[in-house]
Amino acid sequence: MTGGARARELLATAARITVLTGAGVSTASGIPDFRGPNGMWTANPKAARMFDIDAYIADRDLRVQAWRNRHEHPAWTARPNAAHHAVAELERQGRLRGLITQNIDELHQAAGSGVTAPLLEVHGSIKRAVCLTCRRRVPMVDVLARVNSGEDDPACDECGGILKSDTISFGQSLDRAVLAAAVDAASDCDVFLAVGSSLRVQPVAGLVPLAQQSGAEVVIVNGQPTPYDGIAASVVRDPVEQVLPQLVGVAD
1 MTGGARAREL
11 LATAARITVL
21 TGAGVSTASG
31 IPDFRGPNGM
41 WTANPKAARM
51 FDIDAYIADR
61 DLRVQAWRNR
71 HEHPAWTARP
81 NAAHHAVAEL
91 ERQGRLRGLI
101 TQNIDELHQA
111 AGSGVTAPLL
121 EVHGSIKRAV
131 CLTCRRRVPM
141 VDVLARVNSG
151 EDDPACDECG
161 GILKSDTISF
171 GQSLDRAVLA
181 AAVDAASDCD
191 VFLAVGSSLR
201 VQPVAGLVPL
211 AQQSGAEVVI
221 VNGQPTPYDG
231 IAASVVRDPV
241 EQVLPQLVGV
251 AD
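According to the numbering used here, the sequence shown holds residues 1 to 252 in order.
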């Protein structure tokens with residue numbers, strides 16, 4: 001049985017599916033990934049410094065560039081693709097135990113996910129801004145309006161602290177409550193479906209062996225090899241936006 005056929009069989013018979021999605025789910029929507037062949041950091045390794053919290057705090061010029069990048073981020077115009085809609089279909093079927101996403105673009109929400117099953121944004125969302133001092137959160141569009149008005153490094157209206165997108169940078173810890181909920185979802189499913197993730201970023205990547213050790217069948221759909229292919233019941237290499245609808249039974 002081929003990887004795709006085995007994956008479809010596992011998903012068809014599962015009552016509780018936990019899905020982990022990475023950047024590869026959103027590339028077909030025009031949002032580049034980081035580590036793939038055409039990824040942001042592959043093309044420009046220096047771009048990773050933009051995602052280092054210590055550098056961000058210390059370097060005003062870096063923050064100015066970061067605000068320009070946020071204003072131009074493709075998430076503001078992107079639309080969900082067939083992979084996002086396939087995950088949402090699992091939720092409509094009542095078989096989605098939880099959706100854990102490493103993506104910050106909120107395209108899963110736009111596709112209809114997060115209504116009846118937990119949607120866990122382990123790396124946050126670019127559509128919110130947070131103050132690094134007082135932790136006040138505001139809609140990103142409100143801060144970008146200030147950028148458009150000429151503030152190149154807008155400060156918190158409440159305390160004057162440094163603002164950034166409400167996303168996890170290198171050097172920052174994940175939200176403990178979100179991570180705990182992700183651990184629960186990975187430990188309590190029939191099938192753990194990892195889609196479009198390199199599975200190289202911890203601790204989220206560690207959810208894969210956790211699910212397998214908890215009794216779940218692991219299905220990995222990704223264009224490149226991952227460190228956990230060896231423990232998967234099925235590995236599928238086809239483009240996720242093409243194959244995921246087939247695997248969940250919403251396409252011929």
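None of these hints come from the bench; they were simulated from the model.
Heads up, a few of these hints could be off.
20 Å max Cα-Cα, derived EDC-like pairs, lysine to aspartate or glutamate [as the list claims (entries may be wrong)]:
{"no.": "1", "residue 1": "Lys127", "residue 2": "Asp153"}
{"no.": "2", "residue 1": "Lys127", "residue 2": "Glu89"}
{"no.": "3", "residue 1": "Lys127", "residue 2": "Glu106"}
A quick look at each hint next to the structure:
1. Lys127 <-> Asp153: The given pair, whose Cα atoms are some 17 Å apart, holds under the 20 Å limit.
2. Lys127 <-> Glu89: 24 Å, violated
3. Lys127 <-> Glu106: 8 Å, holds
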